[in-house]
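> If you want the building blocks of each chain, they are given just below.
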Amino acid sequence: MSGARGRRAVAEALALLGLGLVVALGGHFFLSNYWLTVGVVIAMYSLPSLALLLLLGYAGRPSFGHAAFFAVGAYASAVTTTRLGWDPVAGALAGIVVAGAVAYVIGFPLLRLSGHYLAIATLAFAIIVRVVLENATPLTGGLNGIVGIPSLGTPRTAFVLVVMLVTIIYAAAVFIDHSRIGRILRALGDDERAMASCGINPQSIRTAVFVASAVLTSIAGSVYAHFLTYISPEPFNVDMSVLFVTMMLVGGTGSVWGALIGACIVGAIPAVLSTYAAYSALLYGIAIVAVLLLAPYGVLGLPTQLRIARARLRRIVASGSKPAQAGEVANVD
Amino acid sequence: MRLARALSGTVAALSSLLLVADASGAVAAGTKTVKIGLLASLSGYVASYGTDERDGALLAINEINKSNAIPGVTLQPIVLDDKGDPTAAVEAAQQAIDQGAIAILGPTTTAGTAALASIATARQVPDISFGLLPVAPHAKPPAYAYSLSIEPNDEAVGDLDAALAGKNVKTIALIYDSNAYGQSISDGIKREAAAKGIRTVASEAFKSTSTDMTPQLTAIRSAKPDAIIDVGGGTTPGLIARQMYELGMHQKLVISAVSFGIGAVKFAQIAGPNALSNVRHTAFAEEVWNTLPKADPRYAKLQAVIPAFRKAYGHDPNGYGAAAAYDAAWVLADAIKRADSVDSKKIQAALDQTKYQGTLCLAQFSPDSHSACHSDSLVVSKLAGGKLVYGD
Amino acid sequence: MAEVIGQLLVTGVLLGLMYGVIAVCIGIIYNATQIINFAQGEFVMIGGVAAWVLITELHAPLWLAGVAAVAIGAAMGLIIERLVINTARRFRPPLLTYIFLTFGVSIILSNLTMFAFGTNPLIFDPFLGRAPIVFEKISTSSQYALLLPLCLVLLAGLTFFFAYTRYGKSMRAAAVNEFGAKIVGIDVGVLSMMAFALSGAVSALVGFFLTPITTTSYSIGLAFTLKGFAAAITGGLGDFRGAVVGGLIIGIVESLGAGLVSSQFQDAITFLFVIVMLVVLPKGIFASMVEERDRL
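Chains as they are written, first to last, in our numbering: chain A, 1 to 333; chain B, 1 to 392; chain C, 1 to 296.
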């Protein structure tokens, strides 16, 4: 990494760390317990959002099953801390190891698939993991779950802790994204021939990215277990996997910041709508559709979208003709 | 992004601080308004229970305020959706407490209740849940010092289910919804059945979204049990009864308490008229309110509550949830009155001495027992004329 | 044992037909637009609800309820295509975005249904009465058995439509090569509208048939979508025979798995089978001629 790009990477990473520090301190001094709780949830979910962004950006693969890795992290932390009396950090590390190993084993057969076929395969994987957790009763407590997981402390402590953890991970991700490896991965995406011509084995790269995304998601799962102090298999369902992808899409897949912005928006919508109680779920659905319609490339894609719109407008003004029809707009991807 | 949130949060925090300051202290002369959190699943898979619970609790709160049941105090509910998800329940609880709630009613699910336990304890705000307390050794005080449940515990339900199935029965089969509720109750039934010398010959699970339990029932059919016990709510009891009829299975079908989330009329409609004669149900009094023995202390209460519910909402309660939440609100009011204070700690102390005749049961809490009802709170019922009636 | 396996197979086939017909509905939209509609289950649900309103509230005859369900399903399909899909199409977002758009639509539809009709399940009587069809010790409800002719008629009708009619052929052409289709004068927007309307109509008809078996309510949509999606994928996306075969395989595995192995592991067995199938046949059983146009 050298020159302007390197300086930009350092600047962005530092900006993130600074922002994280400000948010952590600001939250610590000014936020109510409720908003601190919402903040912890957003920060926690921003990790799977990042994991999916890297998976899509670097390996060209979507996943509809990352709730499984989230569950693995949560259960590893819960089981090791409540049954074996481990330290929470050791528990989270156990989660990382297990999630990484599982991802490595299933990565090889699954990542050969693509598109909708991979979507259903990852979804199926998450369902299998959930059923196993439901039935491994001696270890996981089965459907009754595990109670009495050590707490992260008051919402204030939890907020500062989780925000700092997430900030450091994001700063590292920004740094890697701007590095030579990150740029090569992004440029190649899942173009197998391009990779092969650079002497890279696409299959092993994909598996490595998959493992990394599983590890990131597992960390969030560990946070979840200590944050709620109770876990059961029920919440690790399709809705959770879908939520992770929604966050990534709403933010935009072009840069690491998209995952963070998406998590903030999608996480904050229910909090803002909570006063509408019974209508909050309906309004949430409307909000998701509206955001994706107004910004189909995510919030980060808005500038590009504006550029296209402006160009189109200029063309209309110049020619005095009707607006361009669907399909005439150049593909922005 | 986050800064904007931080700012709006600050405003919320400051205003909530003012409210907390306002809400603490002893009951003074004149009417004072205190807030309570009302958490229920108003969306998601368990919304049929959650909406009933919200309505039942609001009905009770309205009555409490109108009759001045707590002298000088008016209750103001903060209604929030727990979405059937523990994370949402935790957020909602923090929001309610931040806005000055001195106690919480709900949430709907066991998972939500368990996730709330540490918050209730840390912030010393009593929580009367509509769901079962989780089954675990430390899901009791002191860890659950501020978490109570208006329902019976798993042993109480399992006991009656097993007893009901057990008349002239040597073998039973279980079919249960694969969630925390289904597992804990069916474990309770197995223990109680074993204690009575009844053998459990099959134990099959289904998902609450399942519509075809024929595979499970086929497996049960070949195990030839004398009776079948179903644990699980929504449409599934009706579907099971119908599919048993279609498979030519004529055993007694005992539908466990809390499983009739949709009411007897809907159940009968789903099951069909031919599938009803062998069905028994361990019901809450509320479900058979019209045919209870008049000597039952719940009879008179329910004669007033159910018509009031119908008048307020234009329909009957779907199942047991409305009565449970109705009782929870009254139990809380009773405790506030006895504590003669709106201080959360004093209310919790009063709650631990609760002995209140509700519509579900004689609700009793003590410092080491936080499930309000016991097995005598459930009654045996059967279906007659498309309705659930008291008796075997 | 023979009667157990026989019963499980029959149940599996009927369950499989149910998943299969939903997979066919998913395939109709996919074939014309390459979009996987995550609100497909809600179309099924709305068909059932519409029929319920006519039968129970308005005491309409059965055939009229069926017609109304089909009409409302088609209208829903059209509305969603115009309001959401067509609006999104202006910027040509990746296909992944459409999945989440339609998922958002499914949240909206299910919550609107909850507010309009409550949380209680809705049901009306089976078309041919309650008496089960019994053969030896194997039995099933008559309503379930109706799925078999429904499925055959659907398959025949759709095969005819896509193979022999002008619009059907245009839809296939547009799916293979949208640009080429435009050059020869096919209006892709109109085809997309037709696909959503047709799929909505067929889904609603399926919902009309299924309601006496499964009941219908605001929350049933997602389960239908997931099983239908899995069936469509296992069979090979866009192939109608594949959709039915995929559905049958999933139904039979589900039934045998729950009845013979373990009902606790029912979903794990079914979806493990799906994964194994996909690893062996990465494009489904009837691997589609149509390459996926865009990566997700």
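Heads up, a few of these hints could be off.
Straight-line distance between alpha carbons at most 25 Å, and here's what the computed DSS-like set of lysine-lysine pairs gives [unchecked claim]:
| hint | chain 1 | residue 1 | chain 2 | residue 2 |
| --- | --- | --- | --- | --- |
| 1 | B | 167 | B | 32 |
| 2 | B | 294 | B | 382 |
| 3 | B | 337 | B | 32 |
| 4 | B | 167 | B | 196 |
| 5 | B | 224 | C | 137 |
| 6 | C | 169 | B | 252 |
Estimated spans, in silico, between C-beta atoms of each pair [stated by the list, open to error]:
| hint | chain 1 | residue 1 | chain 2 | residue 2 | range |
| --- | --- | --- | --- | --- | --- |
| 7 | C | 184 | A | 196 | 52 to 60 Å |
| 8 | B | 308 | C | 112 | 27 to 35 Å |
| 9 | A | 276 | B | 223 | 46 to 54 Å |
Pulled from the structure, derived: some chain C residues nowhere near chain A, Cβ distances all over 10 Å [claimed, not checked]:
| hint | residue |
| --- | --- |
| 10 | 230 |
| 11 | 278 |
| 12 | 282 |
Hint data in this document are derived by calculation from the structure and do not stem from the laboratory. Built from N, CA and C at the ideal position, the CB exists for glycine as well.
> Are the hints correct? Go through all of them and say.
Each hint, compared with the structure:
1. Between residue 167 of chain B and residue 32 of chain B, the direct Cα distance comes to roughly 54 Å. Violation of the 25 Å bound is thereby established for this hinted pair.
2. With a C-alpha separation of about 18 Å, the suggested pair residue 294 of chain B and residue 382 of chain B falls inside the 25 Å cut-off, and the hint holds.
3. Between the alpha carbons of residue 337 of chain B and residue 32 of chain B the distance comes to roughly 13 Å, so the proposed pair stays at or under 25 Å and holds.
4. A threshold of 25 Å between alpha carbons decides the hint, and for residue 167 of chain B with residue 196 of chain B the separation of about 11 Å falls inside it, so the pair holds.
5. Restraint check for residue 224 of chain B and residue 137 of chain C: satisfied, since their Cα atoms lie roughly 14 Å apart, inside the 25 Å limit.
6. Between residue 169 of chain C and residue 252 of chain B, the direct Cα distance comes to roughly 57 Å. Violation of the 25 Å bound is thereby established for this hinted pair.
7. Our hint of 52 to 60 Å for residue 184 of chain C and residue 196 of chain A is violated, since their Cβ atoms are close to 36 Å apart.
8. In this structure, residue 308 of chain B and residue 112 of chain C meet the distance hint of 27 to 35 Å, their C-beta atoms being roughly 29 Å apart.
9. Restraint check, residue 276 of chain A to residue 223 of chain B: a C-beta distance of roughly 49 Å satisfies the suggested window 46 to 54 Å.
10. Residue placement check: residue 230 of chain C does not keep its beta carbon more than 10 Å from all beta carbons of chain A (closest about 6 Å).
11. A beta-carbon of chain A is positioned within 10 Å of the beta-carbon of residue 278 of chain C; the least distance is around 5 Å.
12. With 10 Å as the threshold on Cβ separation, the claim that residue 282 of chain C sits away from chain A is violated: the shortest Cβ distance comes to roughly 5 Å.
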